[in-house]
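Those sequence lines, one after another, are chains R and A.
Residue 1 is where the first sequence starts when you use the working numbering, and the numbers rise one by one after that.
Residue 1 is where the second sequence starts when you use the working numbering, and the numbers rise one by one after that.
Calculated directly from the structure, the hints in this document are not laboratory data.
Hints are supplied without guarantee of correctness; some may be wrong.
What the hints assert, rightly or not - Only part of the chain R face toward chain A is listed, based on derived beta-carbon distances under 10 Å:
hint: 1; residue: 156
hint: 2; residue: 158
hint: 3; residue: 201
hint: 4; residue: 235
hint: 5; residue: 270
hint: 6; residue: 314
hint: 7; residue: 315
Claimed, not checked - Result set (DSSO-like, lysine-lysine): computed pairs, CA atoms no more than 27 Å apart in a straight line:
hint: 8; chain 1: A; residue 1: 38; chain 2: A; residue 2: 117
hint: 9; chain 1: R; residue 1: 182; chain 2: A; residue 2: 191
hint: 10; chain 1: A; residue 1: 117; chain 2: R; residue 2: 313
hint: 11; chain 1: A; residue 1: 226; chain 2: R; residue 2: 182
hint: 12; chain 1: A; residue 1: 117; chain 2: A; residue 2: 191
hint: 13; chain 1: R; residue 1: 110; chain 2: R; residue 2: 141
hint: 14; chain 1: A; residue 1: 180; chain 2: A; residue 2: 191
hint: 15; chain 1: R; residue 1: 245; chain 2: R; residue 2: 182
hint: 16; chain 1: A; residue 1: 180; chain 2: A; residue 2: 6
As the list claims (entries may be wrong) - Counterexamples of contact, computed for chain R against chain A with all Cβ distances above 12 Å:
hint: 17; residue: 32
hint: 18; residue: 45
hint: 19; residue: 132
hint: 20; residue: 170
hint: 21; residue: 194
hint: 22; residue: 196
hint: 23; residue: 242
hint: 24; residue: 263
Cβ coordinates follow ideal geometry from the N, Cα and C atoms, glycine included.
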Amino acid sequence: MWIKGGTIIDPANGIEQAGDIHIREGLIADVCLNGSRETDEEVIDASGLWVIPGLIDMHVHLREPGFEYKEDIASGSRAAAAGGITTVVCMPNTDPVNDNPSVTRYIVEKARHQALIRVLPAGAITRGLQGTELSEMGLMKAAGIVAVTDDGKSVTDAGVMRRGMEYAATFDLPVISHCQDKSLGVSGVMNEGGLSSRLGLAGIPSLTEDIVISRDTLLARYTGLPIHITHVSTASGLEIIRQAKEAGVRVSCDATPHHLLLTEDRVRGYDTNAKMYPPLRREEDRLALIEGIRSGAVDCIATDHAPHARDEKDLDFDLAPFGVIGLQTLLPAIYRLHRGHDIDFGRILACVTVNPARILGIEGGSLSPGVRADVTLFDPSSSWVFTRESVLSKSANSPFIGTEMQGRVIRTIVEGRSVYRI
Amino acid sequence: MNWPHKDVIAISDLTAGEIGHVLDMASSFKEISRRDIKKVPTLRGKTVVLLFYEPSTRTRLSFEIAAKRLSADTVSLSASGSSFSKGETIMDAVYNVMAMAPDCIVIRYPYAGIPAKMAELLPCSVINGGDGFHEHPTQALLDMYSLHEHFGRLQGLTVAIVGDIMHSRVARSNVYGLKKMGATVVLVAPKTLLPPGVETWGAQVTTELDPVIPEADAVMMLRVQKERLSERFFSDEREYAVFYGMNKRRVDMMKDGAVIMHPGPMNRGVEITYDAADGARSIILDQVENGVAVRMTLLYLSMGGTVNVD
């Protein structure tokens, strides 16, 4: 199969020019930048389109097993495919928790039969996400996990976190840390500040996040082991990460599209689709994250796709669960950052391709000859409105519902097979 | 002129002129409550539903009496004894009430934001009887009415609000309202009970009560909620009373003509002593009486009444 006539953007190889791609037996066979060859194979016409590596979203809640009413592996993978995402890392806070190889095998099996894209599970650091006993990381790795995390909460005990990092390193598993000291902002539901006080909502200070970012980077510094901070949302937290990086600490981080595009202002009107952890922060935090993408302090963009059923979100702001979906809007969000903040598209694209692949130690995220042929065709000139009806997830809890999106995924190819096309 | 609001959700939605109109009109409504026959036919045929999802004695009774004195029919529903306790969401409950075609819903609710959402979605009038720690506009209006009644003006008054500012909807609504009317507001609380960003409210903020007392024309004491103790916002009631309570010593420090207010219910012996609550400076029961008049005014205006302009 050939993809001809598009603009190839492949940050891993520093390519940003017109060219053709040859796919054979599920792998990238060749990238031709100097004119096309005649062929009798299938040709996909990509004129006017951007041809990019399939996206890797390293932070997704597929909710299976246990919460299939919110999302399952099949529906989540359909939404991902429509978003141009060809690999997701799914979080372990399922029911039962993915803290042992049986659950890992269940997810892997389900994904093999039902997922349109590559689904890579993350296992728990601690059993039942309880923060006390370590999970069976080695056996889970053998069953298919690519990382460990207690996402949804922090490992509160620093000693357990240290052992978790050391144990994970034993099996060469990256550790993803959700940073939240619950004792600060106990009943908080939005960013703490003047606006939370005005709206009469309890606040979550930046400190809730920063204090754990600080602890985890200190643990990484002391042990010499890597740590990945997920969904950093504060300027001050990112500054801690930046300084640690400068000092040679093996720390990386990701930010979400909603923290890059929205601020706490979105909470006026008490829309529960503006409620997530970490909360939407101030404009200066948002701009700091964007600057972090530009400078490289922010390594990855991940959606933290967190589906919740309508009846769960249709509650008071105080009572509704935290989280928003994000798979289908990831690429338009990235495109908006590129256009709105004049950041090189290749640099942003690296945040959802080569960078997460490197941090996770997985194949993919590039168009290098010989790698799995995960390719997305993107039309930057097409605009569309993200409506409730266009949501392919089982849940529609997105702050972008009703928003006009610039840029559209035209086709998603996983290992040489088209899994989504319009 | 026509009253431009279908609903009363937040003091921050009202202009100084509108607040002035409410206070003016409340005087004529207050007169009705002092008659022998305390009833006028103004709202005959109108149905007012009181939805109280949080315990309340004063506010609920005040609204009910206000509606009845205007000849409206009232139905009252509280959280226990309603399907709220059976897990029905608030908006489902509200739509069910709406299906029975009330003209006005008064809502008291433990979380912020629901009255505003109802006002947006429902065709009937919605009056916020207090939502979470967001706003309590009718309380602020009756407080301003009481101050105006006593001093003949609001402009230039200094009003101290003392206590749990962080969790107080009464404090928020009063700050917004009093500032619009030209009063100076001083907020007094331990740092743990001052809300984040309070410095942007345009009020003076201090942790020391004693220096504020001789400067204030009115001192409004807020109720101390017992659960704040377990949440470690302060040490104990004894210490709280010493630093932030109204007592005989502080009553004597107040300037001539200055008054003591409390939105109720009071914790006697904690934020206010017997001498202070029942002494000559207290206008606490005037506040309660005026609550009926102010709520009559708001019910009347929300359901299509016009504002008298001289």
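Structure-based check of each hint:
1. 156: violated, 18 Å
2. 158: violated, 22 Å
3. 201: holds, 6 Å
4. 235: violated, 17 Å
5. 270: holds, 3 Å
6. 314: holds, 6 Å
7. 315: holds, 6 Å
8. 38/A / 117/A: violated, 34 Å
9. 182/R / 191/A: holds, 21 Å
10. 117/A / 313/R: holds, 14 Å
11. 226/A / 182/R: holds, 22 Å
12. 117/A / 191/A: The hint is violated at about 32 Å.
13. 110/R / 141/R: holds, 17 Å
14. 180/A / 191/A: holds, 26 Å
15. 245/R / 182/R: holds, 26 Å
16. 180/A / 6/A: holds, 21 Å
17. 32: Per Cβ check, residue 32/R is outside 12 Å of chain A; nearest 57 Å; holds.
18. 45: holds, 48 Å
19. 132: holds, 25 Å
20. 170: For residue 170/R, whose nearest Cβ neighbour in chain A is about 40 Å away, the distance exceeds 12 Å, so it holds.
21. 194: violated, 3 Å
22. 196: The claim is violated: residue 196/R sits with its nearest Cβ about 7 Å from chain A, within 12 Å.
23. 242: The assertion about residue 242/R holds, with a minimum of 26 Å to chain A.
24. 263: holds, 15 Å
Violation of the numbered hints given earlier is confined to hints 1, 2, 4, 8, 12, 21, 22; the remaining hints are satisfied by the structure.
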